[in-house]
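S.K.: Each chain, written out:
There are 2 protein chains.
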Amino acid sequence: MYVVVVYDVDQKRCTKMLKLCRGYLHHIQNSVFEGEITEARLEELKIKAKKIMNEEDKDSLIVFKSRNEKWLDKEIVGFDKRPVDNIL
Amino acid sequence: MYVVVVYDVDQKRCTKMLKLCRGYLHHIQNSVFEGEITEARLEELKIKAKKIMNEEDKDSLIVFKSRNEKWLDKEIVGFDKRPVDNIL
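Residue numbers (UniProt numbering), protein chains in the order written: chain A, 1 to 88; chain B, 1 to 88.
Quick caveat, the hints were computed from the structure, so don't treat them as lab data.
Hints are not guaranteed to be accurate.
Chain copies aren't distinguished; within one or between two, either way the pair holds.
[As the list claims (entries may be wrong)] List of simulated lysine-lysine pairs, BS3-like, C-alpha gap at most 25 Å: (1) 48 <-> 70; (2) 74 <-> 48; (3) 74 <-> 50; (4) 16 <-> 81; (5) 70 <-> 19; (6) 12 <-> 65; (7) 74 <-> 51.
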């Protein structure tokens with residue numbers, strides 16, 4: 001499935017979240033990632049993210065899932081931070 | 001159509017972008033918005049955003065479009081910043 005992941009965490013946890021998400025998805029903007037992922041790998045990412053995040057500090061991560069990349073059009077306005085390069 | 005909008009702009013332009021996007025979509029996380037929108041309203045939002053943004057400063061806005069909200073599942077891990085409330 002194709003996902004877009006966005007997170008909003010306290011500054012001191014940003015680097016850890018960035019490194020974690022980079023191992024699973026393409027980094028396309030500040031705290032925004034996208035890419036193809038299996039259900040199992042997504043579950044793994046969420047479990048690891050929960051260990052980093054602190055809900056009391058209002059850290060949050062949102063996953064938008066689309067069963068098919070074709071059902072999700074992407075448009076970039078302004079600067080294109082990072083063209084999607086295949087990390088596999 | 002259903003969209004998710006994320007922006008990454010210089011700190012001094014964040015407030016303006018926040019106010020702009022709030023007039024069109026639901027604010028669900030730091031610089032993340034979602035909601036139902038017409039093609040015309042989305043075009044209007046993008047034009048106004050371009051006027052605020054500075055591409056040389058690497059400001060960017062990304063629009064993920066799904067023809068149907070049902071094709072896009074959303075899952076929140078951690079703190080739910082703002083339950084989607086209908087602004088109409």
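S.K.: Each hint should be assessed against the structure and marked as holding or not.
M.R.: A quick look at each hint next to the structure:
1. 48 <-> 70: neither (28 Å within a copy, 28 Å between copies)
2. 74 <-> 48: between (27 Å within a copy, 19 Å between copies)
3. 74 <-> 50: between (27 Å within a copy, 17 Å between copies)
4. 16 <-> 81: both (20 Å within a copy, 21 Å between copies)
5. 70 <-> 19: Neither: 27 Å inside a copy, 31 Å across copies.
6. 12 <-> 65: For residue 12 and residue 65, the Cα distance exceeds 25 Å both inside one copy (27 Å) and across copies (32 Å).
7. 74 <-> 51: between (30 Å within a copy, 20 Å between copies)
The structure shown violates the earlier hints numbered 1, 5, 6.
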